[in-house]
Amino acid sequence: MVKERNTNIMQLLPDDGKIQPINSEDDWGSEDNEDLTNSTDATPSKPIITPTTSDVYFQYQNIPARPSNSLFPYPPLTAKETRTALENAPQKPCVPRQSHKRRYLQWKAELFLLHRPLIFTGFGSKRGAIDDFVRELSGEYDVITIDAFNPSITFRGVLEGLLAVHQKSSIPSSTPTDELMRSVQLQYSRASTPRIVAVLHSMDALTLHARKNVDVDKLKRVLGSERISVVASVDHLNAPLLFPAHDAAVGLPWLWHDLSTLEPHLMEMAQRATSLLHSSQAASSTGIVPTVSGARHVIASVPDRARRLFVAIAQLQLERCSEGEKSDATAQNTSTTLTPSHASPRHALVSMAKQSFIATSEDAFEAALAEFRDHGLIQSSSSPPSNTHVDGPEQYIWIPLDQRSLRRTLEDGD
Amino acid sequence: MESDRSAVSVTRRRNSAQSTYLPSFEWDVNGGCDGRLAAFQQSRQSLHHRARQVMDTLLEGVADNALSVLQKSPDVNEEDAIPTCVLVSHEPSSNIVILRRLDQLNQNTHSLLTLELGWQDFGSNPTLQSGVKSIVLGLLSKYADDDAHKRYIKSALNSTDFNTIHKWYKDSYIQDNPPKLVLTLRDFEALPPPMVQDLVSLLTHYRKYIPINLVLCIDSSPAAIYRLLPRYTIIKLAMTQVAAPSANTTFEAIIGELFFSTTYNSPITLSSSAFDVLYDTFNHSHNSFEHLLHTLDMQLLDHFFQPYSIFFDTDAVSVESIKDDRVWRYLLSLPSTISYLKQGREAVDRKLCNELLAEKVNSEGLLKSLRRLRKVFKQSVDEENDAFRALQHLRSFIHSVVPDSKDFLPNAKAQMQAKTHGDLAKIVDKTLQSVSLMSKAQLYEWLSGYADTKSSMKSDQLATKQLMSFMDKFTAHGEIKLNTNEQSTRDPDFVEFTQTCAEEWTQHFIVNLVEERLIPFEEIWRVGVSSDLQMLVNPSPRHAILTALRYPQKLLGQHYPEISLDEAMSSDNAPDTCLAFKCYIEAARVFNLSDWFSAFKSVLESGSDQSKKSKKRKKAGDEDEETIQLQARFTQAVNELDSMGFVKKASARNRNIVARTVFMHVEGDDDEKGVGMETIAE
Numbered sequence: 001m002v003k004e005r006n007t008n009i010m011q012l013l014p015d016d017g018k019i020q021p022i023n024s025e026d027d028w029g030s031e032d033n034e035d036l037t038n039s040t041d042a043t044p045s046k047p048i049i050t051p052t053t054s055d056v057y058f059q060y061q062n063i064p065a066r067p068s069n070s071l072f073p074y075p076p077l078t079a080k081e082t083r084t085a086l087e088n089a090p091q092k093p094c095v096p097r098q099s100h101k102r103r104y105l106q107w108k109a110e111l112f113l114l115h116r117p118l119i120f121t122g123f124g125s126k127r128g129a130i131d132d133f134v135r136e137l138s139g140e141y142d143v144i145t146i147d148a149f150n151p152s153i154t155f156r157g158v159l160e161g162l163l164a165v166h167q168k169s170s171i172p173s174s175t176p177t178d179e180l181m182r183s184v185q186l187q188y189s190r191a192s193t194p195r196i197v198a199v200l201h202s203m204d205a206l207t208l209h210a211r212k213n214v215d216v217d218k219l220k221r222v223l224g225s226e227r228i229s230v231v232a233s234v235d236h237l238n239a240p241l242l243f244p245a246h247d248a249a250v251g252l253p254w255l256w257h258d259l260s261t262l263e264p265h266l267m268e269m270a271q272r273a274t275s276l277l278h279s280s281q282a283a284s285s286t287g288i289v290p291t292v293s294g295a296r297h298v299i300a301s302v303p304d305r306a307r308r309l310f311v312a313i314a315q316l317q318l319e320r321c322s323e324g325e326k327s328d329a330t331a332q333n334t335s336t337t338l339t340p341s342h343a344s345p346r347h348a349l350v351s352m353a354k355q356s357f358i359a360t361s362e363d364a365f366e367a368a369l370a371e372f373r374d375h376g377l378i379q380s381s382s383s384p385p386s387n388t389h390v391d392g393p394e395q396y397i398w399i400p401l402d403q404r405s406l407r408r409t410l411e412d413g414d
Numbered sequence: 001m002e003s004d005r006s007a008v009s010v011t012r013r014r015n016s017a018q019s020t021y022l023p024s025f026e027w028d029v030n031g032g033c034d035g036r037l038a039a040f041q042q043s044r045q046s047l048h049h050r051a052r053q054v055m056d057t058l059l060e061g062v063a064d065n066a067l068s069v070l071q072k073s074p075d076v077n078e079e080d081a082i083p084t085c086v087l088v089s090h091e092p093s094s095n096i097v098i099l100r101r102l103d104q105l106n107q108n109t110h111s112l113l114t115l116e117l118g119w120q121d122f123g124s125n126p127t128l129q130s131g132v133k134s135i136v137l138g139l140l141s142k143y144a145d146d147d148a149h150k151r152y153i154k155s156a157l158n159s160t161d162f163n164t165i166h167k168w169y170k171d172s173y174i175q176d177n178p179p180k181l182v183l184t185l186r187d188f189e190a191l192p193p194p195m196v197q198d199l200v201s202l203l204t205h206y207r208k209y210i211p212i213n214l215v216l217c218i219d220s221s222p223a224a225i226y227r228l229l230p231r232y233t234i235i236k237l238a239m240t241q242v243a244a245p246s247a248n249t250t251f252e253a254i255i256g257e258l259f260f261s262t263t264y265n266s267p268i269t270l271s272s273s274a275f276d277v278l279y280d281t282f283n284h285s286h287n288s289f290e291h292l293l294h295t296l297d298m299q300l301l302d303h304f305f306q307p308y309s310i311f312f313d314t315d316a317v318s319v320e321s322i323k324d325d326r327v328w329r330y331l332l333s334l335p336s337t338i339s340y341l342k343q344g345r346e347a348v349d350r351k352l353c354n355e356l357l358a359e360k361v362n363s364e365g366l367l368k369s370l371r372r373l374r375k376v377f378k379q380s381v382d383e384e385n386d387a388f389r390a391l392q393h394l395r396s397f398i399h400s401v402v403p404d405s406k407d408f409l410p411n412a413k414a415q416m417q418a419k420t421h422g423d424l425a426k427i428v429d430k431t432l433q434s435v436s437l438m439s440k441a442q443l444y445e446w447l448s449g450y451a452d453t454k455s456s457m458k459s460d461q462l463a464t465k466q467l468m469s470f471m472d473k474f475t476a477h478g479e480i481k482l483n484t485n486e487q488s489t490r491d492p493d494f495v496e497f498t499q500t501c502a503e504e505w506t507q508h509f510i511v512n513l514v515e516e517r518l519i520p521f522e523e524i525w526r527v528g529v530s531s532d533l534q535m536l537v538n539p540s541p542r543h544a545i546l547t548a549l550r551y552p553q554k555l556l557g558q559h560y561p562e563i564s565l566d567e568a569m570s571s572d573n574a575p576d577t578c579l580a581f582k583c584y585i586e587a588a589r590v591f592n593l594s595d596w597f598s599a600f601k602s603v604l605e606s607g608s609d610q611s612k613k614s615k616k617r618k619k620a621g622d623e624d625e626e627t628i629q630l631q632a633r634f635t636q637a638v639n640e641l642d643s644m645g646f647v648k649k650a651s652a653r654n655r656n657i658v659a660r661t662v663f664m665h666v667e668g669d670d671d672e673k674g675v676g677m678e679t680i681a682e
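Chains A and B are the protein sequences, given in the same order. Everything in the first sequence is counted per the UniProt record's numbering, starting at 1 for the first residue and increasing by one. Everything in the second sequence is counted per the UniProt record's numbering, starting at 1 for the first residue and increasing by one.
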């Protein structure tokens, strides 16, 4: 922050690392002008020297690129878990669908009077709003809906869909794709073919996620045919680079519309619900990522003794975890050694097993754990956890599941 | 979330009902939509047709040049390299026009065997083989007889071999002066350079036997050839460049012809803001003829979405078809009508003025007056355009006399802009100052430029009149009389004459160009521009996304009364992605997902602190549920931001570390004295 005016000129400079938000010339990362921000009387006394946008840029560049090393505390959720959780999550307000209705006439005129393909951008899922619009059109036109965010989409599938609209007979699978493409182009350039509406949801996903399945350039050539009216949506910030003005050369002079709905992309993200957050702690030496459901299967299939031993170790680990949390919440993740602090020494576990009559010998103990080890549910290391005082060589054993998963494993396993 | 449904689905149409595309207001006219649609289609077709005509005439000369280049190209014995005509256009549609014209010209002479190749002819995965196949089949089907065609295809040579062409050409054209073979690559820039290299090598080989010529169509600049092809390929081509006029010339010619011409009866005129939109999009975003037409289309569409456009085709409207008096009230509320009535100067139509003031609406008389007004409007536009043309003619004449003067540089675009904005006073003044300084010969030359046109236009009449009086006074036997001392001192009679001349012209220009003309209801025939149009023609998707993410309240506040437009939203209401984005813009360049998650968590928790305080004792199971939900919401938000391109992977080892891709200076506008979203707990 800027210090009070003083004789020392150096003090007028902004402090290191801090950016003084004086003039809201914004977005030097983008070319946009933010006209919604009003730089009003927020700062009554302006300092003499204020950072320019280039100062801000260089200051950003100087922020050390050193993120923390902490691991994500939870394992990735399964698609089903995500789905249930999101269904139960509180509903947030979004732009009402009805409010887009007044623009339908304009969109229709652009589609069918000017013959221009529409492309919708903006933040939020545009699927519902576009579907509503298309439902209105479906009284008059055949509609083909292409979910470009679906990873199973193929170029051939799109071509077959386009042919199937007017052709009753099925297409032999031996027809090469190029042949199909030609016949689609031929069919939809004839003036006698009734016009159809092609809807592409999240069209940019084609380039971003499914490159191998669909060649976007070829798809553009097909969609540029005379008798196809295209309604597409894109999500990516830089999507205009993928659909530039010279697409007009293939018959797609895009008309961009802002359709910010603020709706969550539930459908679009369903395919990749768990792909981004991968906890690196989960990857075991065997390459198997232990999961709650996997653990349950293993527990169900092992002999009773082995199951009891695993449950006992798990409970011990849970206790140690909750103790560790009370004493030092952050220690567990920032340790440099691989062994987590909740790992138990082997001799303690063996004696516990002997006391509770699960395993009477060390061999029996090892035998009981063998199946779990194979499935990556038990891990061991000879290096002690960082916050433990050690007397001699010792093996440490732990279950590579976090507290929450462990608890859920036990809930159903019991 | 039926994630297993197929990616492509087809919905059949339910009935064959025709829906409407243009609005029809419940109070305007029976069949308002159809009326609008007809007027729209008619205007659009007329404008497009004219624009294409202008484009054709503009590019005619270029096609002639290209043809002569091809016809004069050296023979096989004289030149090894392939004579190549490089057609440079500055936008994509010009080349198509040039090629069409070239084809027409060639049909008259039959001196060339031509074949055009677009990207499609090289296959969807462009290969030389499919290219050669297209060449062989294309040439044979175009120029060989049916029998010969089959014979050549059937014989040992197959269709993917250029030898077929060689053999056919040798057999068919044995005379002394065989026709030249011209291959046109229409989409040169779109073809893969290695394939073009191979094609050139192949053609060079056959050039020894067949007089092959090439035409390369280039949409950007001639540098593209040097960028895409290596030197050893370029030296095999003997290139001659034929260039289309620049984009600016195209703009000036088309807009000038559509809206500032005296020969073309434009269905609609431009307001100053409409001209600016055309000008800006052409200059700053899309420098192409096609886009110019598209922008015009959008403007027309916008115009016919307005309620008053129902009167556009005034003749088609009858008193009986008008449903309601509100139509007239609407017309009376147009800005032009209000200012017309307020000004109270000499009315274009006194009867109408009285009628309007008396608010005698929905009468036959009023409709008649409207029709008359339309004629008056058209006439006024014609007069303006005529005067404008005269001004331009005068300026270009002065420029030809004094080419060094910066004031008279030909810049039709700027003048058109000045005209639509009503800023011509200065230009007129400067131009007419020069008239009084002209010599006899110059004045004669300038005025006689008009005399050839026997039109009834006011400028022409004025010029002819002045020319007559000039000839009376200063010519004898068809020659200009010069006084003995004319070189050093000017003839006082002539000085007086030029001054009168200048005054007359000044008066003419002032009346027609400088003075503001008010015609009531002129909005009906003049394209205005609504503020949305600029967004449609020049969209900024990035801005839209960032604004929605940063200020969701601006979007939601219009629909939910409890959300204030100016205050930041609470974390209970704001979409999760906006909350995650809020944390995102406070992060450094590279950051950890786990830190992001804790920030996200604390934003959410601080939002719902009060409500949760009572249930402090929670079971472990509930807590798990809660964290799962939080995690799911966070994952969803991060995935959304990821799909919008806000994050990218930053570390190969730790997948939790991501990098920002969007930076902006936003701290200032969110710190609004405590009303901002909850600050994030450290």
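Just so you know, the hints here were simulated from the structure itself, not pulled from any lab data. Do not rely on the hints blindly, as some may be mistaken.
Said to hold, decoys possible - Straight-line distance between alpha carbons at most 16 Å, and here's what the computed EDC-like set of lysine to aspartate or glutamate pairs gives:
| hint | chain 1 | residue 1 | chain 2 | residue 2 |
| --- | --- | --- | --- | --- |
| 1 | A | Lys218 | B | Asp121 |
| 2 | B | Lys378 | B | Glu189 |
| 3 | A | Lys108 | A | Glu140 |
| 4 | A | Lys168 | A | Glu140 |
| 5 | B | Lys554 | A | Glu263 |
| 6 | A | Lys108 | B | Glu625 |
| 7 | A | Lys80 | B | Asp121 |
| 8 | A | Lys218 | A | Glu263 |
| 9 | A | Lys108 | A | Glu136 |
| 10 | A | Lys108 | B | Asp491 |
| 11 | B | Lys554 | A | Glu136 |
Broken hints, by number: Violated: hints 2, 4, 6, 7, 8, 10, 11.
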